[in-house]
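Asks: The chain contents come next:
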Amino acid sequence: MKELMLGNDAVARGLFEAGCAVASSYPGTPSTEITESAAKYDEIYCEWAPNEKVAMEVALGASFGGKRSFCAMKHVGLNVAADPLFTASYTGVNAGMVIAVADDPGMHSSQNEQDSRHYAKAAKLPMLEPADSAECRDFVKLAYTLSEQFDTPVLLRLSTRIAHSQSLVDRKERILPEEKPYVKNPQKYVMMPGMAKKRHPVVEQRIQELTAYAEKSDINMEIIGDTRIGIITSGAAFQYAREAMGENASYLKLGMVHPLPEEKIRSFAKKVDTLYVIEELDDVIESHVKKLGIAVHGKDKFPLCGEISQNMIASVFGKDPVVGKSLSEEIPVRPPVMCAGCPHRGLFYTLSKNKVMVSGDIGCYTLGAQAPLSAVDTTVCMGASISGLHGFNKACGEKSEHRSVAVIGDSTFMHSGMTGLANVAYNGSNSTVIILDNSITGMTGHQQNPTTGYNIKGDPATKISLEKVCAAVGIERVRVVDPYDLKACDAAVKEELAAEEASVIISRRPCALLKYVKHAPPFLVDAEKCRGCKACMKIGCPAVSIKAGKAVIDQTQCVGCGLCKSLCAFDAIKEGGASE
Amino acid sequence: MNETKSIMIVGVGGQGTLLASRILGHAIVSQGYDVKVSEVHGMSQRGGSVVTYVRYGGRVDSPIVDKGQADVILSFEQLEAARYLEYLKPEGTLLTNTQQIDPMPVITGAAAYPQDLIEKMKAAGINILALDALALAQEAGSVKAINVALLGVLSNHMPFSENVWKAAIEACVPPKFLEINQKAFALGRAYRED
Chain A
1 MKELMLGNDA VARGLFEAGC AVASSYPGTP STEITESAAK YDEIYCEWAP NEKVAMEVAL
61 GASFGGKRSF CAMKHVGLNV AADPLFTASY TGVNAGMVIA VADDPGMHSS QNEQDSRHYA
121 KAAKLPMLEP ADSAECRDFV KLAYTLSEQF DTPVLLRLST RIAHSQSLVD RKERILPEEK
181 PYVKNPQKYV MMPGMAKKRH PVVEQRIQEL TAYAEKSDIN MEIIGDTRIG IITSGAAFQY
241 AREAMGENAS YLKLGMVHPL PEEKIRSFAK KVDTLYVIEE LDDVIESHVK KLGIAVHGKD
301 KFPLCGEISQ NMIASVFGKD PVVGKSLSEE IPVRPPVMCA GCPHRGLFYT LSKNKVMVSG
361 DIGCYTLGAQ APLSAVDTTV CMGASISGLH GFNKACGEKS EHRSVAVIGD STFMHSGMTG
421 LANVAYNGSN STVIILDNSI TGMTGHQQNP TTGYNIKGDP ATKISLEKVC AAVGIERVRV
481 VDPYDLKACD AAVKEELAAE EASVIISRRP CALLKYVKHA PPFLVDAEKC RGCKACMKIG
541 CPAVSIKAGK AVIDQTQCVG CGLCKSLCAF DAIKEGGASE
Chain B
1 MNETKSIMIV GVGGQGTLLA SRILGHAIVS QGYDVKVSEV HGMSQRGGSV VTYVRYGGRV
61 DSPIVDKGQA DVILSFEQLE AARYLEYLKP EGTLLTNTQQ IDPMPVITGA AAYPQDLIEK
121 MKAAGINILA LDALALAQEA GSVKAINVAL LGVLSNHMPF SENVWKAAIE ACVPPKFLEI
181 NQKAFALGRA YRED
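Residue numbers (our numbering), protein chains in the order written: chain A, 1 to 580; chain B, 1 to 194.
I should point out that these hints are in silico values taken from the structure, not numbers from a laboratory. Beta carbons: idealized from backbone N, C-alpha and C, even for Gly. Treat the hints with care, since some could be wrong.
Unchecked claim - No farther apart than 20 Å at their CA atoms in a straight line, the calculated lysine-lysine pairs in the PhoX-like style are these:
1) 529(A) with 487(A)
2) 301(A) with 264(A)
3) 122(B) with 325(A)
4) 301(A) with 319(A)
5) 325(A) with 89(B)
6) 518(A) with 144(B)
7) 325(A) with 120(B)
8) 319(A) with 67(B)
9) 325(A) with 67(B)
10) 319(A) with 89(B)
11) 124(A) with 291(A)
12) 487(A) with 394(A)
13) 325(A) with 5(B)
14) 518(A) with 574(A)
15) 574(A) with 547(A)
16) 89(B) with 515(A)
17) 515(A) with 144(B)
Said to hold, decoys possible - Here are a few chain A residues that sit away from chain B, every Cβ distance over 10 Å (derived from the structure):
18) 66
19) 184
20) 198
21) 335
22) 485
23) 577
Stated by the list, open to error - What the simulated footprint calls covered on chain B by chain A, stretch by stretch (three residues with Cβ under 8 Å from a Cβ of chain A suffice, anywhere in the stretch; the number is not a length):
24) 48 to 61
25) 77 to 91
Please model the entire structure based on the sequences and the hints provided.
Replies: Printed below as a string of structure tokens:
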């Protein structure tokens, strides 16, 4: 019986059915659920690694060791793991290795919109791209077969609409692959110049063989309808195209997006009057088709930025879609906000009040950039808060050191903040670094990390001490504050900014959404005492609003953190739970 | 059925739209349709605007619903109903909870919450059913059952029997909350505009 399965869960199902034994990943939307879901199968050893580079190296090591292995990451995570990726292409595998990378066209949850197909091309690795959940499962299994057949890691490219859409999948049995015991082979696995020079031609030969496979495999399939319009496409874009055009076009659906076939494309092009490539983000397929000397429309009709949709495609082909009615009324946006009771709020209020430059990072706390806190000055990539602040201070001089901080979460610090902090100590800037320790990886939906004391299964694990790590990389001033205590936060920030040496403030309180966090009863406003001064509005809490000139606390949202109370000069906000 | 039907569930992160789409998906699968359910995780969960697309029929291609394509929009909040209005087919139906949740620009005073949205949508000729689903959920025994109460309202616009829905709820809701949710569903299904 078929069941409705999330694309990411279907990838995990594929891992199970293919006999994958080791999976290591770092969370990143929209890839996170793959590894969470895989961890529910006891047959697969799963772990959260501190970052994607570590995860990929773990997977490669497991492959060398003889077990089918896996790692998953979002598109920007592949940048972090690019180092092992390029050389893993040279070593090849022992047992099969699959790397899932989830792109985010439209940037639903990302800082950029990069197209990871370029990595497949650059590292000369095969890349498969499923278009629904059933293909997610099937392509994972095929990827392992190809990995072992062609002695190569295989990339599986997902996008948000495939990873986070559910469609029907029928479960199949787990089939264990044949044993592949480790055999020492330095010519293959020790990539120093002498050996690597011999491996490079192997990689080039392999991509030729994979191209031959792409020519004959039915993973790249034609669907012939009206031949006046021919569309070469893959992944989510295939679904949009078929939705818009149905039988009124012919399709070459590419399941393998690197290497691309040549003859298959020539043959399809001959069957149709006008050829189009519909692909999200960059013109990867289009460039290939043009290189073959075939006339094709692509980015002259479809955008390089954002997602494609069925209406967009219909419009290009002259079928203007019927659009629904809308109100002339201005509809205010509803951006994501820090939750009521979020421990980051008190710290950002303090930074905003002290008017410091804030070098930001990636996580829930990036939301500190939004009004009314508006505290964050920069956000680039994982770990850039600390290293960026060091550079900023080297450029702007000593004065800047007393007016600027870096903010970074506990998980992001373990991911790639530690090296930046070592640089601060070693190359001597008096930078102030604030670790926002909410004891979980928050934005991706509560994953454990090396500082939480638990592993992916929720079992106890070694808990790495942030204080000790900071001390070990050479920071002598390390202090801990409770972000619910605004006075203590203010004192800590002022003192550490004034200090003539580098320092770390650990702002520590668990995420308010964690199940074990106990909430106080919702706070109440004494309308007679409230002057409507809006001081309590400065923290940007979604539970606090002004109605008819008086503050109101939403009783369904408030978790009783008390931050608003500490801002009220008129004692108008009181603790909840007391009888009326 | 060859024609694909499109339903959108819209609301505010944290309102329980995901459970509603899970139950709906379960009900559709049990009736042998092809189906795709699509939602965005991550940033949007933090109190932002959330949308789930549910499409079913003989063969479903696109996982998303585009503008002008929704047969039904089920909205958990007024402003969100207005935000996604242009996704509704001209002959489609909007089912909305009358609850209002201020977005941050309204809280900070940078924007105002539009007044009389339901009346304005009616005046624009939208086929709309607006109800206080919070009251139904409270009557059922928990404000959290608002999602299943709204699902009950939606059920009147779908071709499935009551037993199909009951089974889907049972499959998706933990046993200790089952009674409240079945009650909330029944109240939603029985709801009629005055």
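Asks: So, against the hints stated earlier in the document, which numbers end up violated here?
Replies: When the structure is compared with the hints, numbers 1, 2, 12, 16 and 21 turn out to be violated.
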